[in-house]
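J.: One letter stands for each residue in the lines below.
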Amino acid sequence: MTSELVDFTLVSVALLGIGIYGLAVKRNFIRMLFAVEIIINAANLNLVAFGRFLPHSGGQTLALFSIAIAAAEVAVGLSLIIVAYRMYQNVDIADFRSLKG
Amino acid sequence: MADPVFLALTVITIGSAIAALELRSLIYGSIALMGALGGIAGFFFLLDAPFVALFQLAVYVGSIAVLILFTVMLVKRELIFKKIEDKRRKFAGIGLMLVVMVSLGAVFLDSGIKTITTDEPQVNFRDIGIDFVTYYWPALILMGLILAGSVTGALVLAKREDVENDQRTS
Numbered sequence: 000m001t002s003e004l005v006d007f008t009l010v011s012v013a014l015l016g017i018g019i020y021g022l023a024v025k026r027n028f029i030r031m032l033f034a035v036e037i038i039i040n041a042a043n044l045n046l047v048a049f050g051r052f053l054p055h056s057g058g059q060t061l062a063l064f065s066i067a068i069a070a071a072e073v074a075v076g077l078s079l080i081i082v083a084y085r086m087y088q089n090v091d092i093a094d095f096r097s098l099k100g
Numbered sequence: 000m001a002d003p004v005f006l007a008l009t010v011i012t013i014g015s016a017i018a019a020l021e022l023r024s025l026i027y028g029s030i031a032l033m034g035a036l037g038g039i040a041g042f043f044f045l046l047d048a049p050f051v052a053l054f055q056l057a058v059y060v061g062s063i064a065v066l067i068l069f070t071v072m073l074v075k076r077e078l079i080f081k082k083i084e085d086k087r088r089k090f091a092g093i094g095l096m097l098v099v100m101v102s103l104g105a106v107f108l109d110s111g112i113k114t115i116t117t118d119e120p121q122v123n124f125r126d127i128g129i130d131f132v133t134y135y136w137p138a139l140i141l142m143g144l145i146l147a148g149s150v151t152g153a154l155v156l157a158k159r160e161d162v163e164n165d166q167r168t169s
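Chains A and B, in that order, give the protein sequences.
Heads up: the first sequence begins at 0 in numbering that gives the first Met the number 0, then just goes up one per residue.
Heads up: the second sequence begins at 0 in numbering that gives the first Met the number 0, then just goes up one per residue.
So that you can see chain A by itself, here it is in the shape it has in the complex (with noise of 0.2 Å):
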């Protein structure tokens, strides 16, 4: 390993950005799933970088969880989103106004 953990943890931040990014501007729902995917991947980047430097597997196992967690969480997503766009026929969240106050 050449690389140091720094380096590693500025792409994360990097990443982290962009998520905050599409989920700050974009309000197609399919979009905001990716800035969502891409928050959460520069988490388990995190995780996996710091564990590296434990000297158990403690890191790379949170990371496994982690994976198979948002795995569970895309699926709901998605269906969330086939439901929604049955319902109003768009993929915009300006749209889905039935919880509104």
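Derived from the structure by calculation, the hints contain no laboratory data.
Note that the structure is a prediction, hence the values are computed from the model and not measured.
With a straight-line Cα cutoff of 25 Å, these simulated BS3-like cross-link-like pairs (lysine-lysine) come out:
hint	chain 1	residue 1	chain 2	residue 2
1	A	LYS99	B	LYS82
2	A	LYS99	B	LYS89
3	B	LYS75	B	LYS158
Part of the chain A face toward chain B, derived, beta carbon under 8 Å:
hint	residue
4	ASP6
5	GLY21
6	ILE29
7	THR60
The following residues of chain A were derived to be distant from chain B, with all beta-carbon distances above 12 Å:
hint	residue
8	ARG96
9	SER97
10	LEU98
11	LYS99
Heads up, the beta-carbon is just placed ideally off N, CA and C, and yes, glycines get one too.
Put chain B on the given structure of chain A with help from the hints.
T.: Okay, now just chain B, sitting in the frame of chain A:
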């Protein structure tokens, strides 16, 4: 200093992440997302975590990206190519992104992370497997239940409309 493989992976990952959000077509966007997730898997290889890297490839690039592609295909054609965003929000979003990147980046660069080095040997993936079935077994079972529950919930959610349609027609 960082090695060329690391730099190439950085360019691929960050470029694909930006492309996933900015490409006009959602289909190309989801393929770009696949590139970004694959790049992360490359980083895992660099971090001597081949097991996590292959898990990432199997779960993310293999299944989630395909799931997203299929969902995109269910959406109307004009919605796939339509970009919905306004200019002012976009500038605000870029500002927010830069603030997050610069502030967090400055914190990390200023902290003691730079001086941390390791001579720890690579973690054997056998240890991960042993950890999973010994120390983490309740969490592993819980994770399996959560996955099963969420997938069942997703199926029920996606199927509901069909049931209503049947009731309406009958």
